[in-house]
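Working from the sequences, and respecting the hints, build out all of it.
Protein sequence lines correspond, in order, to chains L and R. Per this note's numbering, the very first residue in the first sequence carries number 724; after that it's consecutive. Per this note's numbering, the very first residue in the second sequence carries number 724; after that it's consecutive.
Please note that the accuracy of each hint is not assured.
Which copy? The list can't say, so a pair holds if one copy fits it or any two copies do.
Derived lysine-lysine pairs resembling DSSO-like cross-links, with alpha carbons at most 27 Å apart [stated by the list, open to error]:
id, residue 1, residue 2
1, Lys1160, Lys847
2, Lys836, Lys1060
3, Lys1064, Lys804
4, Lys1064, Lys836
These aren't lab readings, by the way, just hints derived from the structure by calculation. Please read these numbers as outputs of a predicted model, since none were measured by experiment.
There are 2 protein chains.
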Amino acid sequence: MINNLDLDRLFNPKRVAMIGASANFGKWGNIILFNILKAGFKGEIVPVNPKKKSILGLDCYASVGDIPGEIDLAIITTPSKFVLSMMDEIGAKKIPFAIVVTANFSEAGEVGKAEEVELVASAKKNGIRLVGPNTMGIFSSKSCLHALMPMLMPLHGTVSMFSQSGNVGVQMMDYGQNENVGFEKFVSSGNEGDLSCNDYLNYFAHDKNTKVIIGYIEGIEDGSTFLPIAKMASRKKPIIIMKGGRTRTGSKAAASHTGSMAGSFKINLAAFRQAGIIEAHTSLELIDCAKAFSHYPIPKGNRVGIVTRGGGWGVIAADSCEEAGLEVPELPADIIKEIDKLLPDYWNRGNPIDMVATISHDPMTQIIRLLAEWDGVDSVIALGAGFRSFKIQHSSTTQFSKEVQESLDFLGDLRKQDADKPDPVLQYISDLVKETKKPIFSVSTGSDYAHKHYFENYEIVSYPTPERAVRVLKHMCEYGCYISSL
Amino acid sequence: MINNLDLDRLFNPKRVAMIGASANFGKWGNIILFNILKAGFKGEIVPVNPKKKSILGLDCYASVGDIPGEIDLAIITTPSKFVLSMMDEIGAKKIPFAIVVTANFSEAGEVGKAEEVELVASAKKNGIRLVGPNTMGIFSSKSCLHALMPMLMPLHGTVSMFSQSGNVGVQMMDYGQNENVGFEKFVSSGNEGDLSCNDYLNYFAHDKNTKVIIGYIEGIEDGSTFLPIAKMASRKKPIIIMKGGRTRTGSKAAASHTGSMAGSFKINLAAFRQAGIIEAHTSLELIDCAKAFSHYPIPKGNRVGIVTRGGGWGVIAADSCEEAGLEVPELPADIIKEIDKLLPDYWNRGNPIDMVATISHDPMTQIIRLLAEWDGVDSVIALGAGFRSFKIQHSSTTQFSKEVQESLDFLGDLRKQDADKPDPVLQYISDLVKETKKPIFSVSTGSDYAHKHYFENYEIVSYPTPERAVRVLKHMCEYGCYISSL
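Structural data, given as structure tokens:
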């Protein structure tokens, strides 16, 4: 297991040597270099290429040995046949870390496997710790290190991720851009020739900037090390893992993807659960969980209060809750009495609370407060909160006559709402989450989903369907339950 | 059961009387009127209001009786106390249909229930068939009749929907705008005082413009009529239903939402299945199914060929397939031999086919063709088809130096791709679906999801995650299996 202080140097290096940019395979290196520059890396990056004087405006050195001063990290994108020979050079320069982006190692068959063994041995001999080979890179929010193969600019936040699939990993960050999930650190662990998920999990567990850990795992070489680390880590912060290769078909595919790892340790989901790991069953669930866990407090129990602008959505949310093992308790008399003052007299007097076409803001916010402050529930789902369809649909029309404007006046505060102005309901929810320490999910039920806007302005967690909110809430409850059982 | 020819008049009326726009509750009427005008209704719309000379530029009549000529449909948005008295007037004018948008009937308690009974009796006496009361309206693509409460402009297409929840229904059309699901007809069935899901289902079954029927149902008054209709309809076209009130908690919520209907007939999902109905378990699944069923042929079996740009996504797709009961068969020697010519020699020689970082278009399209033409599979999932992250991420930067441009040249055709130009892979898939009559799903695995673009230009079905594609494919296979078992 590598020391966590050391890994801090990997993720937040002061000086990075970029080896192989503008070489053959190094075309990817140019993209990584471009990403690093574009993101405004806070350290210094030094390209190495014997055939170039400068790359992307940076002075280029003929060899690693020629670079003056200390280097913390080497990123290697040379063709695979040159990677091994780099180790002695990097070792001589006393560079403690190398990210080997280059592929064609153990994932590419027997020859590659042998070459990887040789590479890892040489790195060890030279005192170098390796990320990869066959990695899509790392990302660190603090140092703005976007050493990633694809051109994406992840949002910065508190989620850290390790992924045994480069594509799945970087695309989670890509989804994150739309779903407003910000990342603190990311590593594509590649073939895990040296550093493995165990190291990254241990590091993220102790990293004070990481609030939530997510991971994509196909197999773990050393399960007897992984599980105790996971158990330690899950006490500190939530770990949500998606497991690839759960089935015979999937694990066969995994065997040819991450090679030997997939078969060596039969990951037992029950063991995961015992270690306090939350299992995301789908990729969407993984990113949905990352969003909620990173922004909201863990509910103290499984009782949910639901308020809805549309009766049908309340029914769907109630079904989802029961199917997820969440409770939707009856409303007590005092809350019914309070809501009697807010809604038409034929309101349903039940949970979910159906607002029966009452569309202005006030009853919605007041009911959300009544639910959030009620000690009978641990979380709230507000269906149709942040509802601004009227606004959105209208802004696009030119036939918006004065007469229609007037007839829309009954929509009151909803109508006057401007997309650029604070949304009173969302602002209210945001404040109330902080005040009551209960998660309050907004479900927009429509194309005015607008996570980005919601998030940036209000730090509230929103989903487009109740089922997605409930699924995440179930996982939050599981985690809360696990923690309180310790 | 109402005659289908009659219902054609409801959905495609020549002349519509709009009763109660600009009245009290009629503020909603103004929105409906506005929607109808904005959408360019092909018929004529005549507002009725004793207090107005004109509404939204249209001449207004003091009463229904004052309107010259024949009227096919009355849309009523007057306050509930005036609705009953309208029946005699509408009857005298021999208007065959009335959509009662007005609420506060059976959903609002005992008094409302009694008033609804009276209203329905009067309508019957007057020869009027009712939609609602408490409906959010109807939509018809052919006549451009957007008689809907919310301001949304559904995409036109071949999906028809009935919904016992107005909100769930209209928001499905709202999702449809983002997911590129076009609607042929829609009806919010409201309290079903008269016309019910049975009538609409029967009508949609015989409607030649409707290719797929979707529905949201909480309860059915007359199950012994519904099931035979469903059985007849599902032989003609796919029916995908989402059932609200599946659980104790959900059905309690449904009882207060759609009132008596929810409890009167315990919908048995097994009976649904026997009638050939596909059950969507989530709202997302409902719209995802609508998209695939309306655009793609039904696969002949459950065998899936998978090609992926990222190994991990292939693993996830393979897991999903097995969990959904779909088969991912081994590749035969002749296909392996063909792919040997296209991919690096260390490719996995298995299904899913991992393209191992081969990113240009050619191998992807050729492998998709090999799979689609192979008689060993009935459908294809292409993960990372239509991949254009490079393009998208770059268009937003100003630091895009000539040097980076050059170093990106190895991306070849991907780089040169313009968002506004036809995508060669997607065009290829679109043609191949028509040619092979097998569904080929594109999964974009990233924020370049861009359904709209994909759809409008290529008529291909795309999802952002493999799990969503597999879920839909499972339902298509179920339907195909049901049809071939008849």
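Now for the hints, and whether the structure bears them out:
1. Neither within a single protomer nor between protomers do Lys1160 and Lys847 lie at most 27 Å apart by alpha-carbon distance, with minima of 48 Å and 55 Å respectively.
2. With identical chains, the CA atoms of Lys836 and Lys1060 are at most 27 Å apart between copies only, with a shortest distance of 24 Å across copies and 71 Å within one.
3. Proximity of Lys1064 and Lys804 under a CA criterion of 27 Å is satisfied inter-copy only: 23 Å between copies versus 76 Å inside one chain copy.
4. Taking the shortest Cα distances, Lys1064 and Lys836 sit within 27 Å of each other only across copies (23 Å), while inside one copy they are farther apart (72 Å).
Violated hint: 1 only; the structure is consistent with all others.
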